[in-house]
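Participant: Take these sequences, add in the hints, and give me the full structure.
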Amino acid sequence: MTTASIGNETAIASTQAPVVKLTMLLSGVVFLLMMVFGLIMRAAQGGLIELDPEFFYLLLTAHGAGMVGSAALSGAAILWYFSARYLDLRGGIYLGFLGLFLLGVVLILGSIFVGGYGGAWTFLFPLPALSGGLWEAGAAVAFCLGYVAIGVGFLLYYLELGLKISARYRGLLGGLGWRYLFGGSDADLPPPTIIAASSVLVFNTIGIVFGAAVLAASIVNLLFPSFAVDPLLAKNAIYFFGHVFINATIYMAITAVYEILPTYTGRPWKTTRVFVGAWAAVVIFVQAVYFHHLLQDVNMPAWTLAVGQIVSYASGIPLIGVTVFSLAVYIKGSGLKWDLPVSLLTLGVIGWGVGVIPAIVDGMVAVNKLMHNTQWVPGHFHTYLLLGEVAMAFGFAAWLVRDAARQTMSGLDKLVFRAYVLGGAGFTLIFLWSGASSIPRRWAVHYEDWQFQSQLASVFALVVILATTVLVLRYAIGLLRRSP
Amino acid sequence: MQTTILLITLVLMAGVLTLILRTVRATDGPAPSQTVNRTRSWLIWAMIAGGVIISVASLREWPHADAGGDALVVNVTSGQWWWDTDTTEIPLGQQVEFRVTTEDVNHGLGIYDPDMRLVAQVQAMPEYINKLVHTFDEPGTYQILCMEFCGIAHHDMTYEFDVVEAN
Amino acid sequence: MIRLASAAAAFLAACLAQPWVAGDPVVHVLVQFPLLAAAGYLLAIGQRVPPSLTGPLLVVALTTAAIWMLPRSVDAALADTGWHLAKFVTLPLGFGAPLALCWPTIGPILRGFLKAQSVSMLLFLGFLYTHAPVRICNSYLVDDQVRLGLGFVWAALALTAIWMIPVLFGRMPEIAKEERYEFSRHG
Amino acid sequence: MIRHLIPTSVAVCLGVAALWQATDGLRAITAEGARRVQVADNPQPVSQVMLETMQGDWRALHGPSPTLVEFIYTTCPTICQASGGDFAELRDHLSQAGLSVPMYSISFDPEVDDLSALQSYGELHTATGAPWTIARPVPADLPQLLKTFQVTVIPDGWGGYEHNIAVLLIDAQGRFAGAFDTRAFDDIRDAVEAAL
Numbered sequence: 001m002t003t004a005s006i007g008n009e010t011a012i013a014s015t016q017a018p019v020v021k022l023t024m025l026l027s028g029v030v031f032l033l034m035m036v037f038g039l040i041m042r043a044a045q046g047g048l049i050e051l052d053p054e055f056f057y058l059l060l061t062a063h064g065a066g067m068v069g070s071a072a073l074s075g076a077a078i079l080w081y082f083s084a085r086y087l088d089l090r091g092g093i094y095l096g097f098l099g100l101f102l103l104g105v106v107l108i109l110g111s112i113f114v115g116g117y118g119g120a121w122t123f124l125f126p127l128p129a130l131s132g133g134l135w136e137a138g139a140a141v142a143f144c145l146g147y148v149a150i151g152v153g154f155l156l157y158y159l160e161l162g163l164k165i166s167a168r169y170r171g172l173l174g175g176l177g178w179r180y181l182f183g184g185s186d187a188d189l190p191p192p193t194i195i196a197a198s199s200v201l202v203f204n205t206i207g208i209v210f211g212a213a214v215l216a217a218s219i220v221n222l223l224f225p226s227f228a229v230d231p232l233l234a235k236n237a238i239y240f241f242g243h244v245f246i247n248a249t250i251y252m253a254i255t256a257v258y259e260i261l262p263t264y265t266g267r268p269w270k271t272t273r274v275f276v277g278a279w280a281a282v283v284i285f286v287q288a289v290y291f292h293h294l295l296q297d298v299n300m301p302a303w304t305l306a307v308g309q310i311v312s313y314a315s316g317i318p319l320i321g322v323t324v325f326s327l328a329v330y331i332k333g334s335g336l337k338w339d340l341p342v343s344l345l346t347l348g349v350i351g352w353g354v355g356v357i358p359a360i361v362d363g364m365v366a367v368n369k370l371m372h373n374t375q376w377v378p379g380h381f382h383t384y385l386l387l388g389e390v391a392m393a394f395g396f397a398a399w400l401v402r403d404a405a406r407q408t409m410s411g412l413d414k415l416v417f418r419a420y421v422l423g424g425a426g427f428t429l430i431f432l433w434s435g436a437s438s439i440p441r442r443w444a445v446h447y448e449d450w451q452f453q454s455q456l457a458s459v460f461a462l463v464v465i466l467a468t469t470v471l472v473l474r475y476a477i478g479l480l481r482r483s484p
Numbered sequence: 001m002q003t004t005i006l007l008i009t010l011v012l013m014a015g016v017l018t019l020i021l022r023t024v025r026a027t028d029g030p031a032p033s034q035t036v037n038r039t040r041s042w043l044i045w046a047m048i049a050g051g052v053i054i055s056v057a058s059l060r061e062w063p064h065a066d067a068g069g070d071a072l073v074v075n076v077t078s079g080q081w082w083w084d085t086d087t088t089e090i091p092l093g094q095q096v097e098f099r100v101t102t103e104d105v106n107h108g109l110g111i112y113d114p115d116m117r118l119v120a121q122v123q124a125m126p127e128y129i130n131k132l133v134h135t136f137d138e139p140g141t142y143q144i145l146c147m148e149f150c151g152i153a154h155h156d157m158t159y160e161f162d163v164v165e166a167n
Numbered sequence: 001m002i003r004l005a006s007a008a009a010a011f012l013a014a015c016l017a018q019p020w021v022a023g024d025p026v027v028h029v030l031v032q033f034p035l036l037a038a039a040g041y042l043l044a045i046g047q048r049v050p051p052s053l054t055g056p057l058l059v060v061a062l063t064t065a066a067i068w069m070l071p072r073s074v075d076a077a078l079a080d081t082g083w084h085l086a087k088f089v090t091l092p093l094g095f096g097a098p099l100a101l102c103w104p105t106i107g108p109i110l111r112g113f114l115k116a117q118s119v120s121m122l123l124f125l126g127f128l129y130t131h132a133p134v135r136i137c138n139s140y141l142v143d144d145q146v147r148l149g150l151g152f153v154w155a156a157l158a159l160t161a162i163w164m165i166p167v168l169f170g171r172m173p174e175i176a177k178e179e180r181y182e183f184s185r186h187g
Numbered sequence: 001m002i003r004h005l006i007p008t009s010v011a012v013c014l015g016v017a018a019l020w021q022a023t024d025g026l027r028a029i030t031a032e033g034a035r036r037v038q039v040a041d042n043p044q045p046v047s048q049v050m051l052e053t054m055q056g057d058w059r060a061l062h063g064p065s066p067t068l069v070e071f072i073y074t075t076c077p078t079i080c081q082a083s084g085g086d087f088a089e090l091r092d093h094l095s096q097a098g099l100s101v102p103m104y105s106i107s108f109d110p111e112v113d114d115l116s117a118l119q120s121y122g123e124l125h126t127a128t129g130a131p132w133t134i135a136r137p138v139p140a141d142l143p144q145l146l147k148t149f150q151v152t153v154i155p156d157g158w159g160g161y162e163h164n165i166a167v168l169l170i171d172a173q174g175r176f177a178g179a180f181d182t183r184a185f186d187d188i189r190d191a192v193e194a195a196l
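Residue numbers (my numbering), protein chains in the order written: chain A, 1 to 484; chain B, 1 to 167; chain C, 1 to 187; chain D, 1 to 196.
Rather than coming from a laboratory, the hints here were simulated on the basis of the structure. Check each hint, because a few of them may be wrong.
[As the list claims (entries may be wrong)] Which stretches of chain B does chain A cover? Using the computed rule of at least three CB atoms under 8 angstroms from a CB of chain A, they are:
hint: 1; segment: 1-8
hint: 2; segment: 25-36
hint: 3; segment: 65-71
hint: 4; segment: 87-99
hint: 5; segment: 115-126
hint: 6; segment: 135-143
[Claimed, not checked] Not the full set, but computed from the structure, chain C residues with beta-carbon under 8 angstroms of chain A:
hint: 7; residue: V119
hint: 8; residue: L123
hint: 9; residue: F124
hint: 10; residue: L128
hint: 11; residue: H131
hint: 12; residue: A132
hint: 13; residue: W163
hint: 14; residue: V167
hint: 15; residue: F169
hint: 16; residue: G170
[Stated by the list, open to error] Beyond 12 angstroms from chain D on every Cβ pair, some chain C residues (computed):
hint: 17; residue: P19
hint: 18; residue: A79
hint: 19; residue: H84
hint: 20; residue: P104
hint: 21; residue: L159
hint: 22; residue: I162
Quick reminder that beta carbons are idealized off the backbone N, C-alpha and C, glycines included.
Facilitator: This is the structure we're talking about:
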């Protein structure tokens with residue numbers, strides 16, 4: 001099944017291709033816009049521009065929600081595209097997902113820029129209800145409803161995947177590869193993409209169902225303030241949902257590497273026992289690790305914090321020991337010719353693998369005491385998002401419009417790729433450096449001593465934005481050229 | 001401390017990066033040898049062993065240790081967007097237990113030394129009292145900055161106290 | 001015949017639970033409500049309705065469920081005779097029966113969504129009843145409120161288990177139907 | 001398609017209307033919330049009853065000025081003690097605003113709460129008799145009183161009771177016109193001012 005499917009994407013995936021291509025354009029444009037928001041925030045922190053703090057925090061909220069959203073959207077598009085190689089997925093469901101997603105985007109953007117909601121993408125209880133007079137409860141409700149719409153869209157998406165996987169591979173246990181892992185039979189073994197799809201749909205559906213409960217509680221609290229929830233319980237639920245959701249984006253996007261890299265190396269990405277085991281570990285770890293967001297909540301039972309630290313570390317093992325290691329093994333000596341898509345996809349895996357290190361370090365209780373909520377935190381997640389998920393998404397997009405006749409990188413491609421890598425690396429390293437300099441995150445105004453780093457970061461951000469602009473334009477032009 | 005953490009992290013990142021890049025760039029070299037699966041198992045077991053050692057070493061002494069019996073208790077309350085403490089003078093070398101809470105939304109109590117380096121932090125939560133134990137060994141004016149996003153004046157939510165030598 | 005008998009039995013059991021509902025919200029909400037719904041469900045199961053009624057029937061069922069989820073309705077059923085009678089009519093005929101009538105014609109995605117939604121709502125109610133700083137129902141004590149909240153959480157877990165096990169092992173009826181189609185396509 | 005869509009849309013509209021109705025326009029999801037919304041919209045006449053105050057005299061529940069009422073029982077170990085403190089704070093709050101209206105803490109356990117019990121409860125919470133006094137109704141009047149004010153009293157299984165506690169406002173026309181959180185001092189003051 002795995003080997004047979006290489007290169008036949010035209011046959012099955014073609015019906016899904018137009019909407020997926022459109023989605024990637026949409027995500028690309030949103031990524032770019034949100035990067036501009038990011039640059040504005042960094043420039044304001046660097047004192048390069050004047051920005052009203054209220055507007056800064058609106059941008060902060062939009063940047064967070066928008067980036068998580070477009071990462072999720074691009075990841076979902078990638079996973080759908082490749083799952084359709086093995087499953088007879090219904091395009092109508094995808095359109096429903098996309099429609100609900102866009103409805104959610106409208107509600108969220110409206111709540112932020114019309115309603116003035118600036119309570120950050122994490123909507124940490126009880127901040128949405130206690131704005132200090134900046135926004136009305138209605139704006140926060142609209143924001144939550146936006147999330148609900150996106151959640152419902154994803155639920156439909158995962159239900160379709162789940163039903164089709166369950167039917168095709170004899171239950172989700174088959175799709176997860178656990179029959180093979182525990183039963184030993186490799187009959188009808190699913191390809192890596194299906195293992196990934198099954199794993200993501202399991203943990204993200206749990207996350208969404210939980211998230212819906214939390215959102216309902218938040219909405220009730222906003223409308224009927226006497227219904228407060230326990231703040232610590234709310235914090236747990238919000239971080240569980242948020243952590244699982246943002247992690248799912250990258251675990252969906254990685255399927256692009258499983259499916260595209262073999263066409264370059266000629267070596268199919270195999271479903272091995274280690275591979276299935278690694279994904280089984282991911283399903284557990286992604287749900288258990290969210291405690292590392294609560295290491296400074298000393299009222300949590302001590303064992304949860306220990307679990308947070310240990311599972312943070314453990315999450316790195318399947319990533320570095322299996323995904324990154326396999327990538328290296330598949331590439332080494334394959335005679336692969338580097339072009340833009342495969343370079344970006346490889347960058348995505350490396351950025352993810354390297355970016356997890358500062359995350360693991362920060363996941364230690366003792367370190368967290370000094371690094372929590374400093375710029376170290378955006379430092380590590382920008383490494384594995386900007387240089388990880390986003391790179392994979394642009395790699396996939398570039399692959400969708402690749403010119404089959406040419407096998408190398410043009411001069412412009414090389415320049416863009418290098419600019420993206422250097423700009424991204426510089427940008428994220430400054431975050432880490434700033435975190436080590438104790439600069440707090442999410443501050444609209446920076447003290448003078450901190451401004452130099454923000455100014456430097458703005459320069460790197462500008463480089464990333466320029467490179468991204470070319471990537472998006474290149475993709476858009478590619479779409480036009482290939483359309484009849 | 002932060003510098004050490006940064007350096008260790010950068011070294012680890014550079015190490016992993018170098019290893020990957022060496023293999024990834026060897027597209028025209030020899031294919032991986034037959035022992036590659038053994039190498040992978042070795043890597044995974046080494047990471048597990050390393051994890052056990054790091055976990056035991058870093059958690060055996062619990063980082064959120066309780067205060068001793070003679071600790072000075074300082075109550076800290078907060079709200080949008082202010083801090084308030086029992087005292088603004090804390091004796092040098094005396095173990096202090098901060099009992100932190102808030103009247104409205106989540107805040108984060110970040111204690112900065114006179115060089116603006118974060119020395120300790122804990123979350124401030126409504127309905128809960130979070131304890132933070134710290135012993136100051138440098139005199140001077142310390143600052144409290146808010147570490148958890150709490151609305152429009154988050155960055156203005158600062159406070160000062162002094163660490164003074166006991167007479 | 002068995003169907004009608006079991007519907008009647010469920011209704012009778014719900015009536016027999018009545019002496020305890022004023023003292024214990026768990027009996028009221030998690031025993032009597034489901035029994036009444038089951039009575040209506042059993043009454044209508046297997047009956048055919050025109051497909052154009054599927055949507056309206058589902059909406060009726062969801063609206064009834066939503067109204068009975070409101071704490072004030074639970075209170076009203078104890079304090080007000082009209083609401084008391086309405087409970088015995090609307091839960092079987094406004095929730096259980098319409099659900100049974102529309103369920104066979106609902107697609108698997110919508111079914112999955114409704115199942116996920118009900119788990120989510122039960123968890124949310126669990127949240128609310130275990131952690132509300134105020135008494136939610138005037139008719140019940142705070143301790144009972146917490147027990148009811150935990151009951152909602154257990155119900156959510158039980159439903160998750162019941163619904164997930166067939167998906168994990170791939171023995172869902174709707175899947176079996178689609179399986180033939182799948183194999184004809186890929187086989 | 002249309003044949004399916006129209007009945008469903010009609011059903012959705014009816015469903016939303018029913019839910020709107022059942023929550024008083026998304027304003028109340030509990031019985032207590034409903035009481036507050038409904039009396040604010042639609043004040044209910046309160047039939048006149050006589051109360052025996054802790055000083056031992058008899059007074060009419062409502063008179064020419066607005067009156068504030070809360071229901072208590074003096075043997076209550078916890079929550080009414082807190083609300084007693086809140087009522088004292090409310091009295092101070094109102095007198096600072098220059099408002100002096102009769103305030104009654106009415107026992108719903110008049111058989112157990114004799115005069116000396118009322119007096120010691122009053123002393124404990126600094127009720128001096130004017131404007132705030134502790135009082136009890138004739139047992140025969142009690143059911144009607146609880147029904148009018150929609151107070152639900154249930155035994156807690158430990159010999160005490162739980163009930164929905166609130167500060168209740170009777171306006172100058174003798175109507176039940178408002179129910180408030182015991183600590184919503186500003187809201188209560190505004191409502192009293194409006195009822196004057």
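Participant: Indicate, hint by hint, whether the structure satisfies it.
Facilitator: Now for the hints, and whether the structure bears them out:
Three residues within the 8 angstroms Cβ limit are the bar, and the segment 1-8 of chain B against chain A gives 6, so the coverage statement holds. Counting residues of the segment 25-36 of chain B whose CB lies closer than 8 angstroms to any CB of chain A gives 8, which reaches the minimum of 3, so the coverage claim holds. Closer than 8 angstroms: that is the beta-carbon criterion, and the segment 65-71 of chain B has 0 residues meeting it against chain A, so the requirement of 3 is violated. Taking a C-beta to C-beta cut-off of 8 angstroms, the segment 87-99 of chain B contributes 0 residues in contact with chain A, too few for the three needed, and the coverage statement is violated.
Here's how the segment 115-126 of chain B fares: 10 of its residues keep a CB closer than 8 angstroms to some CB of chain A, so the rule of at least three is met and the hint holds. Taking a C-beta to C-beta cut-off of 8 angstroms, the segment 135-143 of chain B contributes 0 residues in contact with chain A, too few for the three needed, and the coverage statement is violated. With 8 angstroms as the threshold, the beta carbon of V119 of chain C comes within range of chain A, its nearest partner Cβ sitting at about 5 angstroms, so the hint holds. Satisfaction of the interface hint for L123 of chain C is found here, the shortest Cβ-Cβ separation to chain A being roughly 4 angstroms, below the 8 angstroms cut-off.
The beta carbon of F124 of chain C comes within 4 angstroms of a beta carbon in chain A, closer than 8 angstroms, and the hint placing it at the interface holds. At its closest, the beta carbon of L128 of chain C sits 7 angstroms from a beta carbon of chain A; the interface hint therefore holds under the 8 angstroms criterion. For H131 of chain C, the interface hint holds, the least distance from its beta-carbon to any beta-carbon of chain A being 4 angstroms, beneath 8 angstroms. Interface restraint check for A132 of chain C: the shortest CB-CB distance to chain A comes to about 6 angstroms, inside 8 angstroms, so the restraint holds.
Restraint check, W163 of chain C versus chain A: the minimum CB separation of about 11 angstroms is more than 8 angstroms; hint violated. A cut of 8 angstroms between beta carbons decides the hint on V167 of chain C: the least distance to chain A is about 5 angstroms, and the hint holds. For F169 of chain C, the interface hint holds, since its Cβ comes within 8 angstroms of a Cβ in chain A; the closest pair sits about 4 angstroms apart. Checking G170 of chain C against chain A by beta carbon gives a least distance of about 3 angstroms; that is within 8 angstroms, so the hint holds.
Non-interface call for P19 of chain C relative to chain D: holds, since the shortest CB-CB distance, roughly 16 angstroms, exceeds 12 angstroms. Listed as a non-interface residue, A79 of chain C fails to keep its Cβ farther than 12 angstroms from every Cβ of chain D; the least gap is roughly 7 angstroms. The Cβ of H84 of chain C lies farther than 12 angstroms from every Cβ of chain D, with a closest approach of about 14 angstroms, so its non-interface assignment holds. At the 12 angstroms boundary, the C-beta of P104 of chain C stays outside the reach of chain D, the nearest C-beta of that chain being 16 angstroms off.
Distance check for L159 of chain C against chain D: the nearest CB is about 23 angstroms away, which clears 12 angstroms, and the non-interface claim stands. No Cβ of chain D approaches the Cβ of I162 of chain C within 12 angstroms, the least distance being about 27 angstroms, so the stated non-interface status holds.
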